[in-house]
Amino acid sequence: MGALEELTRPATGDDHVGGVPARLVGAPASTEEAAALVAAARDLTVVVRGGGTKLHWGPAPRALDLIIDTRRLTGMVEHAAGDLITVLRAGTPLDDLALGDQQLALDAPEGATVGGTVATGASGPRRMHYGTARDLLIGITVVRSDGTVTKAGGKVVKNVAGYDLGKLYTGSYGTLGLITECVFRLHPRPAAHAYVRSTAPAQAVPAILAAQVAPTAIEVDSATGELAVLVEGTPTGVRERSALLEKLLAGEVSEKPPSWWGRPPWPEDGIGMKLSVPLSQVPALIETGSAVRGSAGAGVLYAAARDITEVERLRALCVRGGGHAVVLTAPASVRDILDMWGPVPGLALMRRIKDQFDPGHRFAPGRFVGGI
Amino acid sequence: MPDIDALARRLRSELGPAQVITDRQELRTYECDGLAHYKVVPAVVALPHTAAQVAAVVRACAEAGVPFVARGSGTGLSGGALPHAEGVLIVTAQMRRIVEVAPADERAVVEPGVINLQVTRAATPHGYYYAPDPSSQQICSIGGNVAENSGGAHCLKYGFTTNHVTGLQIVTPDGDLVRLGGRAPDPPGYDLIGAFVGSEGTLGIATEVTVKLTRLPETVRTLLAAFGSIDQAGAATSAIIGAGVVPAAIEMMDALAIEAAEAAVACGYPPGAAAVLIVELDGPGAEVEAQFEQVTGLCEGNGAFEIRIAADDAERALFWKGRKSAFAAVGRISPDYIVQDGVIPRTALPEVLRRISEVASEHGVRVANVFHAGDGNLHPLVLFDAHVEGEAERAETVSGAIIDLCIEYGGSITGEHGVGMDKAKYMPRMFGADDLDTMQLVRCAFDPAMLSNPGKIFPTPRLCGEKPGSGLHQRFPGVEVF
Chain A
597 MGALEELTRP
607 ATGDDHVGGV
617 PARLVGAPAS
627 TEEAAALVAA
637 ARDLTVVVRG
647 GGTKLHWGPA
657 PRALDLIIDT
667 RRLTGMVEHA
677 AGDLITVLRA
687 GTPLDDLALG
697 DQQLALDAPE
707 GATVGGTVAT
717 GASGPRRMHY
727 GTARDLLIGI
737 TVVRSDGTVT
747 KAGGKVVKNV
757 AGYDLGKLYT
767 GSYGTLGLIT
777 ECVFRLHPRP
787 AAHAYVRSTA
797 PAQAVPAILA
807 AQVAPTAIEV
817 DSATGELAVL
827 VEGTPTGVRE
837 RSALLEKLLA
847 GEVSEKPPSW
857 WGRPPWPEDG
867 IGMKLSVPLS
877 QVPALIETGS
887 AVRGSAGAGV
897 LYAAARDITE
907 VERLRALCVR
917 GGGHAVVLTA
927 PASVRDILDM
937 WGPVPGLALM
947 RRIKDQFDPG
957 HRFAPGRFVG
967 GI
Chain B
644 MPDIDALARR
654 LRSELGPAQV
664 ITDRQELRTY
674 ECDGLAHYKV
684 VPAVVALPHT
694 AAQVAAVVRA
704 CAEAGVPFVA
714 RGSGTGLSGG
724 ALPHAEGVLI
734 VTAQMRRIVE
744 VAPADERAVV
754 EPGVINLQVT
764 RAATPHGYYY
774 APDPSSQQIC
784 SIGGNVAENS
794 GGAHCLKYGF
804 TTNHVTGLQI
814 VTPDGDLVRL
824 GGRAPDPPGY
834 DLIGAFVGSE
844 GTLGIATEVT
854 VKLTRLPETV
864 RTLLAAFGSI
874 DQAGAATSAI
884 IGAGVVPAAI
894 EMMDALAIEA
904 AEAAVACGYP
914 PGAAAVLIVE
924 LDGPGAEVEA
934 QFEQVTGLCE
944 GNGAFEIRIA
954 ADDAERALFW
964 KGRKSAFAAV
974 GRISPDYIVQ
984 DGVIPRTALP
994 EVLRRISEVA
1004 SEHGVRVANV
1014 FHAGDGNLHP
1024 LVLFDAHVEG
1034 EAERAETVSG
1044 AIIDLCIEYG
1054 GSITGEHGVG
1064 MDKAKYMPRM
1074 FGADDLDTMQ
1084 LVRCAFDPAM
1094 LSNPGKIFPT
1104 PRLCGEKPGS
1114 GLHQRFPGVE
1124 VF
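Protein chains in written order, with the working numbering: chain A, 597 to 968; chain B, 644 to 1125.
No lab work stands behind these hints, which were simulated from the structure alone.
Mixed in with the good hints there might be a few duds.
What the hints assert, rightly or not - According to the in silico footprint, chain A covers these stretches of chain B (three or more CB under 8 Å from chain A):
1) 838-847
2) 1009-1022
Claimed, not checked - To give an idea of the interface, some chain A residues facing chain B are shown, with a C-beta separation under 8 Å as derived from the structure:
3) LYS747
4) GLY758
5) SER768
6) LEU805
7) LEU875
8) HIS920
9) LEU945
10) ILE949
Note that this is a predicted model, so its numbers are computed, not measured.
Heads up, the beta-carbon is just placed ideally off N, CA and C, and yes, glycines get one too.
Turn these sequences into a full structure, and let the hints steer you where they fit.
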């Protein structure tokens, strides 16, 4: 334990995950330090923490000895502008990237890190056009549960050499190891953009899609009854496309998004859900009377549920429609008696993956589907 | 030693006699895929018609300890569907039902034997198409596309198969039917679809695929620009990307590739060009027109001596005809050739092409270059005559040197053809032992007995947590597992 004491500090009152206190906190500043820490922590249960913006998502860990804090593992390793790629350390905040006229097209709450966004597979309005972390991540470095440093993918977008482990790590909630570095493809920052705000119903989405305006995002919000569309591109193109949408939706063009855009609809201590459904099912979700908000263009919405009954009602609706409903966050009293993940097809294979990557079940134990 | 005859009898009784082949002559039809210099005659070929039949075949193989290999249309270019001599080749070509086209969900559900272009044909009446478009799209199957994570000329803007699959039904190497994902995005749990797509048949067999459909663009504009040098064409490519334009495709061909294409399909490219670029933009009319003007200017500014703009679909098809026929066309100027597939960072293009030509002349071998310039995916065609003593070896050397260049410049050993049998030996040059070991953890989770397409991708199979002495050779003596 000598090495471990040098690499960690005792935990304080803030160092807990879902109310489960940690004993130790380590904050490595490089992949090598991270590997040494994980190797020294071989008998310990571990949860990785980034900016902490989504640490309350998911069930609490079954046990927690060590928090690995990535906030010293920061910085841009490389930005190859001509190749439209960047290499970022996991603890780098996403709102802190100096990429010039290029962008990493991921929506994330303020303070969210690269690693946390990838580990939770979190996404926002622009996923409709740019895809999510799984689509933008082209290479990854991970410290395995046994301390081995491993890489997958690479630094070129087009690459089919070997298994695409980046996709497996994306959305794995820290259960397969510690992500230390990510390589992403970038997009040019559009020269112009406009939002078209309206009170058109979600049923208007097919007409928007048919109108050939190539929207970057289509968002709906049940509380305000609003539907807003983001278009991006050349100044002329954006002007023409937003004018067309303005007419189609009887809306109005705005430089800025509505205040609810990209924000979760639940209060801080509320029950927050992520609902994903086939596109044709989106209107039915909006009409449930629940507070629902999100991408009508991608079929991923967020809901504030008042109680477990509402969770079950929304889940039943999603599952019947061929979709999924996950409770992202809930007060401890609700969280601990709730199946947060819902039905998970392929769970048996997932357990086998976990057994291979983390045979001791030490990384984020109990935080993931099926108690993984 | 597994009893292949007993296995064949079991398969006949489960599938019906017409769907199981053991006749040596008939088996030879399946001895290779699109990479024809590797040939292995399988012990048995099974032609299932349903997912349940695929599961039955795999289960029988698993119980008998017999390896199996999946094959779609057999157009792969890395030997991924190369049969196993003591194994069963499971051909999914009979499973070619388009289960549903659901434009309201922007999805189509298809069986694995459905041809890539058929998905687009089925979706077009609804205003949609299937975006991944490998050059072989008229004959390659969706199942094969899933296995290889196929790309195509337009993946620069639209991504690869993996970005367009939202649901799979698979038969696991144990013979279980499992559904992953569906029409909705983001199924909870590990992204097993992401792991499966591109796993080259080593994690099981896809028996149904749910794909995204993409809106047909309002406008498509295509130009052909001729340059006096490769460097100019490379600089024009960089300038287009640097200007923040995301074209649907940027393709390049060099003089030798153009010569071959002219000989084969008389595509009528501008005479005297050292390189041509095909640039295609698509999207809303208002966007495309503005950017097309910009692209034309950038080509001129970087020395294009002739720019042709496709006036209609017929002319666009003619531009693409030269490009899409380039591989086969090389047969007109050389009796034999190797199609290489490697990736480099786009900005290294001019430098790497110079070094390829140096290596080629050093060995007295000609190399024709055809590539997806926008994403740095090279397809050098290494020309040789197998009847001339030593030429095949020299061509092989040059082809290998090109892969080394791709690695040296931080690229990849394959951009779309896959690792398969052909490139397993290069994997340790791109990845460390720990990286390959980690990938095989996934293999061990899906297929601990290593029966699903053994010997592909990984040069050295990992033992899946067994104690020494209980490895594959001990459990299945006589079976070649790698």
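Here is how each hint holds up against the structure:
no., hint, verdict
1, 838-847, "holds (count 4)"
2, 1009-1022, "holds (count 4)"
3, LYS747, "holds, 5 Å"
4, GLY758, "holds, 5 Å"
5, SER768, "holds, 6 Å"
6, LEU805, "holds, 6 Å"
7, LEU875, "holds, 5 Å"
8, HIS920, "holds, 6 Å"
9, LEU945, "holds, 6 Å"
10, ILE949, "holds, 5 Å"
Every hint from the earlier list agrees with this structure, and none is contradicted.
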